[in-house]
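Use the sequences and the hints to build the structure in full.
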Amino acid sequence: MSLTPVKKSWNHQIKEVTIGTGESAVTVGGETTLPFLHDEGDMPNPPRIALDVFDAVPDTWTEDLIEATGDEINDPVEWAQKGVEEWGVELISLNLTQHALEEDPASPEDCAKLAEEIAEATGLPMIVWGAGEEEPDRDVYPVVSQALSGQRCLLGSASEESYKTLTATCIADGHNIIGESPIDINICKQVNILVTDMGMSEDRIVVFPTNGALGYGLEYAYSILERTRLAALGGDRMMAMPIIIRAGTESQRSKEVKAKEDEFPEWGSRADRGIVWEATTATSYLQAGADIVTMNHPEAIRLIRQYIDTFMNTE
Amino acid sequence: MSMTAMEIYALLPQTNCGECGTPTCLAFAMQLANKQATLDSCPDASDEARAALAAAAEPPITLVEIGSGDEQIEIGNETVMFRHEETFHHQCGLCVCIADDAEDAEERIEKAGELWFERIGDMIGAELVAIEDRSGDPDRFAELVSAVVQNDKQSPVLITSDPDLVRSTFEAVEGLAEARPLVHGADAENWSDMADIAAEYDVPLGVSADGLEALAELTPQIKDKGVDQMVLDPGGDDQLQTMEQLTQIRRQALDNNFRPLGYPTIAFARGDDPRKVAVDASTYVSKYAGVVVIEGEEPWQLLPLATLRQNLYTDPRVPPAVEAKLYEVGEPTEDSPVVLTTNFALTYFTVVNEIEASRVPAWVVVVDTEGQSVLTAYSSENLNAEVAAEAIKEVGLEEKVNHRDVIIPGYIAVMSGALEEESGWNVTVGPREATAIPTFMRRLVS
Ligand code: SF4
Numbered sequence: 104m105s106l107t108p109v110k111k112s113w114n115h116q117i118k119e120v121t122i123g124t125g126e127s128a129v130t131v132g133g134e135t136t137l138p139f140l141h142d143e144g145d146m147p148n149p150p151r152i153a154l155d156v157f158d159a160v161p162d163t164w165t166e167d168l169i170e171a172t173g174d175e176i177n178d179p180v181e182w183a184q185k186g187v188e189e190w191g192v193e194l195i196s197l198n199l200t201q202h203a204l205e206e207d208p209a210s211p212e213d214c215a216k217l218a219e220e221i222a223e224a225t226g227l228p229m230i231v232w233g234a235g236e237e238e239p240d241r242d243v244y245p246v247v248s249q250a251l252s253g254q255r256c257l258l259g260s261a262s263e264e265s266y267k268t269l270t271a272t273c274i275a276d277g278h279n280i281i282g283e284s285p286i287d288i289n290i291c292k293q294v295n296i297l298v299t300d301m302g303m304s305e306d307r308i309v310v311f312p313t314n315g316a317l318g319y320g321l322e323y324a325y326s327i328l329e330r331t332r333l334a335a336l337g338g339d340r341m342m343a344m345p346i347i348i349r350a351g352t353e354s355q356r357s358k359e360v361k362a363k364e365d366e367f368p369e370w371g372s373r374a375d376r377g378i379v380w381e382a383t384t385a386t387s388y389l390q391a392g393a394d395i396v397t398m399n400h401p402e403a404i405r406l407i408r409q410y411i412d413t414f415m416n417t418e
Numbered sequence: 130m131s132m133t134a135m136e137i138y139a140l141l142p143q144t145n146c147g148e149c150g151t152p153t154c155l156a157f158a159m160q161l162a163n164k165q166a167t168l169d170s171c172p173d174a175s176d177e178a179r180a181a182l183a184a185a186a187e188p189p190i191t192l193v194e195i196g197s198g199d200e201q202i203e204i205g206n207e208t209v210m211f212r213h214e215e216t217f218h219h220q221c222g223l224c225v226c227i228a229d230d231a232e233d234a235e236e237r238i239e240k241a242g243e244l245w246f247e248r249i250g251d252m253i254g255a256e257l258v259a260i261e262d263r264s265g266d267p268d269r270f271a272e273l274v275s276a277v278v279q280n281d282k283q284s285p286v287l288i289t290s291d292p293d294l295v296r297s298t299f300e301a302v303e304g305l306a307e308a309r310p311l312v313h314g315a316d317a318e319n320w321s322d323m324a325d326i327a328a329e330y331d332v333p334l335g336v337s338a339d340g341l342e343a344l345a346e347l348t349p350q351i352k353d354k355g356v357d358q359m360v361l362d363p364g365g366d367d368q369l370q371t372m373e374q375l376t377q378i379r380r381q382a383l384d385n386n387f388r389p390l391g392y393p394t395i396a397f398a399r400g401d402d403p404r405k406v407a408v409d410a411s412t413y414v415s416k417y418a419g420v421v422v423i424e425g426e427e428p429w430q431l432l433p434l435a436t437l438r439q440n441l442y443t444d445p446r447v448p449p450a451v452e453a454k455l456y457e458v459g460e461p462t463e464d465s466p467v468v469l470t471t472n473f474a475l476t477y478f479t480v481v482n483e484i485e486a487s488r489v490p491a492w493v494v495v496v497d498t499e500g501q502s503v504l505t506a507y508s509s510e511n512l513n514a515e516v517a518a519e520a521i522k523e524v525g526l527e528e529k530v531n532h533r534d535v536i537i538p539g540y541i542a543v544m545s546g547a548l549e550e551e552s553g554w555n556v557t558v559g560p561r562e563a564t565a566i567p568t569f570m571r572r573l574v575s
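Note that the protein sequences, when read in sequence, are chains A and B.
Take the position in the first sequence, starting the count at 1, then add 103; the result is the number in this note's numbering.
Take the position in the second sequence, starting the count at 1, then add 129; the result is the number in this note's numbering.
The hints are simulated quantities; they were obtained by calculation from the structure and are not laboratory data.
Where hints are given, some of them may not hold.
With a Cα cut of at most 20 Å, we get these calculated DMTMM-like pairs of lysine to aspartate or glutamate [stated by the list, open to error]:
id	chain 1	residue 1	chain 2	residue 2
1	B	K405	A	D375
2	A	K292	A	E264
3	B	K522	B	D534
4	B	K240	B	D230
5	B	K240	A	E364
6	B	K522	B	E562
7	A	K118	A	D300
8	A	K111	B	E214
9	A	K363	B	E460
10	B	K282	A	E219
11	B	K240	A	E366
12	B	K352	B	D367
13	B	K240	A	D365
14	A	K358	A	E369
15	A	K358	B	E329
16	A	K216	A	D158
17	A	K110	B	E342
18	B	K454	B	E527
19	A	K358	B	D251
20	A	K110	B	E457
21	B	K405	B	D367
22	B	K282	B	E203
23	A	K363	B	E247
24	A	K358	B	E457
25	B	K240	B	D367
In silico contact screen, one side only, chain B against chain A (beta carbon under 8 Å); selected entries [unchecked claim]:
id	residue
26	F211
27	L369
28	W429
29	N440
30	N482
Owing to the predicted nature of the structure, the values given are computational and were not obtained by experimental measurement.
Beta carbons: idealized from backbone N, C-alpha and C, even for Gly.
What follows is the structure, encoded as structure tokens:
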């Protein structure tokens with residue numbers, strides 16, 4: 104019996120966004136097919152893993168995660184370097200939080216200095232996130248952006264309510280921008296429109312649709328990713344941006360990761376739970392169309408690297 | 130897969146005789162396409178037309194039942210490739226696979242029996258336990274299958290390509306036929322004997338073949354033997370190929386209404402690295418498998434898979450709601466803060482998760498807003514001062530805490546005054562976004 108495969112072909116392409124410069128630059132996006140369906144179109148760039156590095160040890164992390172990260176966790180520069188040398192990551196996702204502290208906050212200059220040091224020590228392209236608090240972030244973005252000027256970083260995030268400062272500064276200093284939306288496909292598009300209207304080039308935007316962890320509303324963002332990708336491949340240019348997902352920070356906050364073994368003996372080893380919870384959060388979003396996943400646990404990173412290799416290997 | 134009016138029209142006599150009650154065959158075809166009429170009204174309809182319409186009315190992916198009684202699961206009968214297009218209807222079965230040459234197989238069966246977890250009011254876990262023939266010893270195989278039946282926590286799956294072994298196991302294990310195991314199964318060599326056994330015992334049959342074409346050749350032959358409860362195993366050299374095949378089978382069924390592949394599927398995650406096994410299996414949960422088999426029985430493997438399945442098989446058309454009542458986060462005391470939110474599941478889980486992250490024990494009053502989020506509920510009047518005051522009263526908080534302070538979501542700050550009046554409680558306005566909750570909570574108690 105001969106079976107004619109049902110193949111979808113799409114006439115449109117996801118934009119390619121390049122983060123970083125020179126040899127270590129990383130390009131994401133560029134797909135003309137749904138995730139990993141290589142027979143139907145191209146996936147010229149593999150999805151990428153970005154290592155989350157924090158300017159202070161996150162106080163919500165489990166001992167398992169802190170231990171797996173190692174002593175370097177106390178020095179963000181060493182932490183990032185370990186990511187390059189031991190875990191083989193290709194992108195650093197720096198999370199700035201200390202400038203938003205009530206007491207004794209870090210100055211914008213402190214933040215900029217840290218970002219510069221990490222960029223120099225690792226030589227990797229940088230993603231830099233603010234604390235998600237409007238006022239302190241607004242003061243920090245321009246200073247950090249300028250310090251990294253010309254390095255074509257990915258800075259975030261711009262939201263529907265607050266995008267002007269960041270967009271202007273990204274344009275001035277030659278960076279890419281993250282457009283954030285609250286699990287809402289229309290707002291996702293709206294942010295892209297607002298940011299491009301200010302003069303940001305379409306191939307300098309990565310969208311962050313806001314994602315829950317496995318078990319915490321994963322299905323909403325999962326479907327938003329699928330809808331976004333289908334709309335883009337169908338020709339909606341303002342949806343055709345690569346997608347970034349926070350697989351690590353979201354999943355590592357889950358009850359299923361944090362609960363101690365004596366609280367929930369029926370859930371089994373916590374060390375394994377933490378790794379698999381983060382990794383399956385990542386695989387789910389990769390299967391829905393994520394181009395960059397930010398991750399925390401070194402072992403989950405290893406698993407996802409292996410996973411991406413398998414799903415990109417068309418030999 | 131429904132037919133269009135023009136496709137139906139092509140099959141009608143095209144004589145416009147009017148017997149059916151409509152003046153033309155085309156008008157009748159339109160009624161049929163809209164399911165406003167049945168073909169019985171046309172006396173001259175051909176057998177071919179009847180068969181085509183009957184086939185079109187059948188679901189494109191057969192519903193398959195595995196197990197019996199409380200343990201029965203239904204898989205298949207899916208209608209879409211993407212859950213947002215409608216919903217995924219029948220969640221995949223999760224199956225733990227135990228080889229019969231494992232010395233500790235009995236212990237593993239016991240352990241598999243415990244793989245049930247309560248999550249958002251549902252019991253989720255592994256519904257199936259497979260015994261895989263590797264020892265070549267029929268007594269050992271039957272003994273373990275029997276242990277699964279006896280354990281009575283999951284339905285059995287028999288994995289072997291030896292029809293004699295299947296037959297002897299059915300004879301040896303009491304209650305096996307009644308438990309309606311999945312027999313996996315048939316292949317290009319043994320399909321005839323396997324189909325006979327499946328027909329005789331009336332059990333579902335797994336079918337594997339080398340490639341989808343070979344699979345599509347086998348299933349009609351098995352069906353001719355009276356077995357229509359089939360589960361397709363497309364195999365694959367690696368996880369990528371398996372995912373591609375599962376996708377293609379679903380598309381052949383939905384886009385082409387291709388009957389030979391119109392069955393639910395089964396996919397295996399195996400290997401030496403138990404974490405990788407769980408990760409690989411997650412792909413098959415999202416990408417179309419009807420049964421996901423994993424080699425391993427660790428709760429930390431099954432819990433994420435069952436949770437992912439629960440997430441993805443949630444009907445996106447229904448706003449998911451949690452029960453409106455008083456929830457405890459941590460171990461709150463009479464001094465602990467009281468937080469008010471809506472019963473939209475996503476809002477609830479986000480809020481609770483952030484409060485947990487703050488490590489400040491708290492009482493959470495969940496108001497019945499018909500599953501709407503804070504802002505939606507506020508604008509639709511499902512959440513106003515009266516409703517909120519009523520909720521605070523109903524849950525009996527006044528006996529549980531020694532203060533009268535309630536924290537409300539930042540988005541409904543305008544309601545503070547009215548709520549204070551209505552309830553007699555002092556209102557504190559909390560953050561708008563849940564991510565700010567941990568800082569807020571810690572500040573509150575410091
Ligand atoms: S009864 Fe049949 S043949 Fe006559 S008009 Fe109706 S559809 Fe056409």
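If any of the earlier hints don't hold here, list their numbers in rising order.
6, 10, 12, 15, 20 and 25
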